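**Student:** Sequence:
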Amino acid sequence: MDWIAAVLTAAGSFLLSKRWRYGWLLSGIANLLWMAYAIWWAHSVPLAVLNVFMVTNAIRGFRNWKKGQVL
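In UniProt numbering, the protein residues as written are 1 to 71.
Hint data in this document are derived by calculation from the structure and do not stem from the laboratory.
Just to be clear, a hint being listed does not mean it is correct.
What the hints assert, rightly or not - Pair by pair, the computed Cβ-Cβ distance ranges are:
id, residue 1, residue 2, range
1, Arg19, Ile39, 19 to 25 Å
2, Asn64, Ala42, 26 to 32 Å
3, His43, Arg21, 17 to 23 Å
4, His43, Trp3, 16 to 22 Å
5, Asn57, Met1, 20 to 26 Å
6, Ser13, Trp41, 20 to 26 Å
7, Lys66, Ala42, 33 to 39 Å
8, Arg60, Ala11, 18 to 24 Å
9, Ala42, Arg19, 29 to 35 Å
What you are looking at is a predicted structure, and each value in this text was computed from that prediction instead of being measured.
Glycine is no exception: its CB is placed at the ideal position from the N, C-alpha and C atoms.
Could you put together the complete structure from these sequences and hints?
**Tutor:** Okay, structure coming up:
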């Protein structure tokens, strides 16, 4: 699961660097996977809490990013 999350994180970051809105979607999915990893495998509360913030940020970014808008 961590490899899938890592690849999705990198892909989401790449898409965001190309100003593609769907980078937020990939990042959000990756953060959900990281949250699951933090809870069930790593038993890391700080990592889980961080990813709650990151998922919220990804949702906000996806909803607010309009085509052609520079954020």
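**Student:** All the hints need checking, so say for each whether the structure fits it.
**Tutor:** Going down the list of hints, with the structure as the test:
The given range of 19 to 25 Å is broken by arginine 19 and isoleucine 39, whose C-beta atoms sit roughly 33 Å from each other. Taking the beta carbon of each, asparagine 64 and alanine 42 are about 31 Å apart, inside 26 to 32 Å as hinted. For histidine 43 paired with arginine 21, a C-beta distance near 34 Å fails the hint of 17 to 23 Å. Here the CB-CB span from histidine 43 to tryptophan 3 is close to 19 Å, well matched to the stated 16 to 22 Å.
Between asparagine 57 and methionine 1 the beta carbon distance is about 21 Å. The supplied range of 20 to 26 Å therefore holds. For serine 13 paired with tryptophan 41, a C-beta distance near 22 Å keeps the hint of 20 to 26 Å intact. Our hint of 33 to 39 Å for lysine 66 and alanine 42 holds, since their Cβ atoms are close to 36 Å apart. Distance hint check: the CB atoms of arginine 60 and alanine 11 are about 20 Å apart, consistent with the given range 18 to 24 Å.
Evaluation of the 29 to 35 Å hint for alanine 42 and arginine 19 yields a pass: the beta carbon distance comes to about 33 Å.
In summary, the structure is inconsistent with hints 1 and 3 from the numbered list given earlier, while agreeing with the others.
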